[in-house]
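Line by line, the protein sequences are chains A and B.
Plus 72 on top of the position in the first sequence (first one is 1) and you've got this note's numbering.
Plus 1 on top of the position in the second sequence (first one is 1) and you've got this note's numbering.
Just to be clear, a hint being listed does not mean it is correct.
If you want a taste of the chain B side facing chain A, the calculated C-beta under 8 Å gives, among others [as the list claims (entries may be wrong)]:
{"#": "1", "residue": "R76"}
{"#": "2", "residue": "L81"}
{"#": "3", "residue": "Q88"}
{"#": "4", "residue": "S91"}
{"#": "5", "residue": "V93"}
{"#": "6", "residue": "L104"}
{"#": "7", "residue": "G105"}
{"#": "8", "residue": "G113"}
{"#": "9", "residue": "L115"}
{"#": "10", "residue": "F187"}
{"#": "11", "residue": "Y454"}
Keep in mind that the hints were calculated from the coordinates and are not lab data.
All C-beta atoms in this analysis are idealised placements derived from N, C-alpha and C, irrespective of residue type, glycine included.
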Amino acid sequence: MTGAAAGLVDRVRGVQLSGLATVAMLVVAVAVNSALQPNFWDSYALTSNFATFVPLVAIAVGQTIVVLSGGLDLSLGAQVTLASVVAVQVVDGSLDRFPLAVAAALGVGLACGALNGLVVALLRLQPIVATFATSFVFSGLALVVLPTPGGSVPFEITTAYRDSVLGVPVALLLIVALALVWLVLRRHRVLRHVYAVGGDADAAYASLVPVARTRVWAYVLGGLFAALSALAILANTGSGDPFVGNELTLASVAAVVIGGTALAGGRGGAGGSVLGAIVLALVTNIIFFADVPTDYRQLVNGAVIILALALAGIPALQKRRPSA
Amino acid sequence: MSTPLLEMSGVRKRYGGVQALDGAELTAVRGEVHALLGPNGSGKSTLDKTLAGTVVPDAGTIRIDGAEARIGGPRDAHALGVAAVYQQLSIVGDLTVTQNVVLGLEPARRFGFLDQRAARDRAGAALERFTAAFAGRLPLDRPASALGPGERQIVEVAKALARRPRILVLDEATASLHKEQVDVLFDVVRELRADGVLVLFTSHRLDEVFALCDRATVLRNGRTAGTVELAATDEDELVRLMVGDAPHQAPRAARAGAAGAGSAAEGPVSSPAATLEVRGLTTDRLRDVSFTVRSGEVLGLGGLQGQGQSELLLALFGGAHVGAGEAVLDGRPLPLSSPVKAARAGVALVPGDRGRQGMFAVRPIQENLSLASMHRRATARLALRGAAERGAATAMVERLRIKIGSLADPVSTLSGGNQQKVVIGKWLLDRPRVVLLDDPTKGVDVAAKEEIYAIVRGLADDGAVVILNSSDNRELTELSDRVLVVFEGTVVEELDAEAISERRLISSALRLGPGETL
Chain A
73 MTGAAAGLVD RVRGVQLSGL ATVAMLVVAV AVNSALQPNF WDSYALTSNF
123 ATFVPLVAIA VGQTIVVLSG GLDLSLGAQV TLASVVAVQV VDGSLDRFPL
173 AVAAALGVGL ACGALNGLVV ALLRLQPIVA TFATSFVFSG LALVVLPTPG
223 GSVPFEITTA YRDSVLGVPV ALLLIVALAL VWLVLRRHRV LRHVYAVGGD
273 ADAAYASLVP VARTRVWAYV LGGLFAALSA LAILANTGSG DPFVGNELTL
323 ASVAAVVIGG TALAGGRGGA GGSVLGAIVL ALVTNIIFFA DVPTDYRQLV
373 NGAVIILALA LAGIPALQKR RPSA
Chain B
2 MSTPLLEMSG VRKRYGGVQA LDGAELTAVR GEVHALLGPN GSGKSTLDKT
52 LAGTVVPDAG TIRIDGAEAR IGGPRDAHAL GVAAVYQQLS IVGDLTVTQN
102 VVLGLEPARR FGFLDQRAAR DRAGAALERF TAAFAGRLPL DRPASALGPG
152 ERQIVEVAKA LARRPRILVL DEATASLHKE QVDVLFDVVR ELRADGVLVL
202 FTSHRLDEVF ALCDRATVLR NGRTAGTVEL AATDEDELVR LMVGDAPHQA
252 PRAARAGAAG AGSAAEGPVS SPAATLEVRG LTTDRLRDVS FTVRSGEVLG
302 LGGLQGQGQS ELLLALFGGA HVGAGEAVLD GRPLPLSSPV KAARAGVALV
352 PGDRGRQGMF AVRPIQENLS LASMHRRATA RLALRGAAER GAATAMVERL
402 RIKIGSLADP VSTLSGGNQQ KVVIGKWLLD RPRVVLLDDP TKGVDVAAKE
452 EIYAIVRGLA DDGAVVILNS SDNRELTELS DRVLVVFEGT VVEELDAEAI
502 SERRLISSAL RLGPGETL
């Protein structure tokens with residue numbers, strides 16, 4: 073049994089140092105937030121907070137998969153927008169059509185992800201440029217589908233989203249569910265190949281990994297999580313908005329980095345990104361409750377993100393330092 | 002004999018300006034360990050890769066069991082029963098050992114979900130024979146990046162073995178293994194041979210080839226020079242096949258003497274005081290390297306490629322982590338901690354990877370030339386004058402006879418030879434006292450090569466210390482006053498002017514000679 077015990081030690085050693093940094097940031101963010109927001113721990117405030125976390129958590133998981141594959145998807149926010157306006161047009165206030173709307177949103181995510189994947193993997197364009205370009209296509213389509221904010225989500229959905237089950241907010245359960253989906257995916261061959269391709273694409277190719285197909289899969293999975301993010305936004309706001317996803321792209325990349333996933337690919341995981349997304353959402357909260365003047369909020373938010381990225385990067389730097 | 006298991010014929014492959022394979026042939030049968038030999042750049046690795054599918058040849062046919070095989074990628078090769086151990090390992094550092102061994106062929110349950118237990122079992126079985134190399138315990142769950150070079154090499158071997166190949170390609174698979182691990186690998190290879198597997202074995206250690214292999218095919222300049230039964234061959238015969246019957250090249254010094262009182266001959270004596278002395282230099286890849294070079298001398302670095310020559314140049318330029326040792330230039334220690342300090346101390350490096358490390362391809366020729374020496378012409382170390390920059394660049398273009406349209410054109414518009422002259426010129430403007438050249442004529446056409454040779458000689462004649470690494474033995478014979486033969490990170494032999502010949506360089510690189518063991 074010593075072998076098994078030693079194996080466990082190895083596994084623990086394999087955990088990223090930056091995981092600690094992420095948890096530390098979360099603790100600090102929670103402490104500051106609860107100091108500034110007197111009713112932070114009340115069930116209403118908790119429910120409301122978790123309700124705003126879900127969309128960011130979902131898109132962060134999607135971005136994690138793309139980043140792990142060695143890519144980057146700057147169109148994820150636009151995909152959220154497109155999926156949400158399509159879904160809101162489909163559902164049109166009717167609970168009966170909600171399953172159809174879910175299918176439509178997922179369909180949009182799948183199609184957008186497939187397009188990105190084909191452009192990056194087969195046409196071999198730089199992911200940053202290619203997905204930045206497709207983001208305009210998706211945003212443009214969203215404006216065609218829903219030119220001005222509007223549409224309505226059945227109240228049963230919005231009510232359920234802000235409800236609690238046995239005292240646990242539904243939104244928190246959704247975050248747990250997203251984490252579980254990630255854990256299931258991790259046990260799948262496609263995710264293993266995503267890690268291999270992001271870690272060393274040449275070695276993966278020589279090792280019989282279907283590199284191009286794996287890259288396409290990464291973008292498709294990213295798109296599907298963007299669709300889940302869109303559905304959460306609809307459930308939270310109750311109506312459609314053709315600009316709703318704009319700020320989510322940067323936040324998704326920031327959450328990934330704060331979560332300790334290497335932007336170079338191949339190293340990290342969505343668990344950290346979930347925490348990173350929550351940290352980012354708490355920062356927005358803190359800025360609100362700290363009475364930062366409205367005009368300065370964006371500036372402070374940006375500065376805090378840069379600070380968080382720098383902190384998250386320190387352990388990674390130590391790891392990269394050449395050793396013997 | 003029945004149809005051979007493997008027949009490769011007319012295999013051609015061109016990389017940019019280099020014809021790596023030029024109609025290579027190889028025939029081998031099942032149950033054979035077949036060595037693939039040849040000097041640097043003869044195409045061994047490329048031929049291995051065409052079989053393994055990581056390189057798609059421009060022309061040629063591959064027959065396996067008599068049937069023509071279309072190998073468009075590693076997956077095609079796998080389907081035909083070919084597995085390879087690559088010289089540049091195909092290990093993903095962030096994955097665990099188990100994940101690496103089964104990579105691409107992960108055992109899965111329904112819907113593609115991984116069967117982790119089966120994966121561990123398979124990896125454990127493949128690595129079992131090598132347990133001793135891991136201090137008795139297989140690191141199945143450790144990330145591959147945490148392993149030492151030898152351990153990674155074994156994982157790479159185990160990965161190929163786990164694929165149960167009919168044809169196993171071992172490209173320098175023993176390069177970073179200890180003796181005991183090599184013995185285990187050889188046992189495994191002999192068992193595979195008994196089971197009818199064909200093993201293609203490439204190694205720079207000739208004693209291993211004689212110990213293990215049945216036959217050998219020798220490549221030279223991308224063509225097959227011959228296939229021999231090793232039992233009926235000696236090392237001299239192998240070296241003859243590798244070098245060919247090319248006319249014997251006289252060493253440079255002898256030729257210079259014959260040409261009369263050349264300036265090259267008096268170079269070394271003109272300023273005997275200026276010397277670079279390297280003592281006990283040790284890095285990750287170098288062990289205790291010591292030598293002395295006088296100004297006016299061209300010191301060649303020979304041996305097989307990748308034995309630490311480039312690392313030595315990089316270390317002298319402050320670009321490597323130096324564990325021990327020092328370099329002294331004219332009695333003053335050279336700073337080995339950063340390239341900027343090295344450059345200030347008068348050291349210049351013309352790097353081997355011109356495109357990535359030597360130039361800014363899309364920037365104008367003028368900028369590329371003036372970059373390293375701007376501080377010399379700057380007023381108060383700040384302001385640059387356009388006329389002075391242009392003047393310096395123009396003078397260098399004329400001096401090195403760089404063929405350009407306009408100084409404003411990007412460097413990428415030039416031919417390989419002229420690009421290399423720009424990289425050299427950039428450093429000459431900084432008036433270096435030590436010039437390190439890492440394979441300066443790689444991918445350069447013949448005419449430009451001759452001009453670069455003249456530049457290198459000129460540098461030495463002007464009193465610089467010149468150290469030249471070259472994978473081209475002919476180049477070393479033509480240019481060097483002395484050659485240090487580097488093997489596995491250490492200097493194993495010093496050849497003086499009379500001793501430098503292509504034949505001698507090759508046999509020395511392969512470590513042939515009396516009293517020598519590995």
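- prompt: Which hint numbers does the structure go against, in order from smallest to largest?
  reply: Hints 2, 3, 10, 11 not satisfied by this model.
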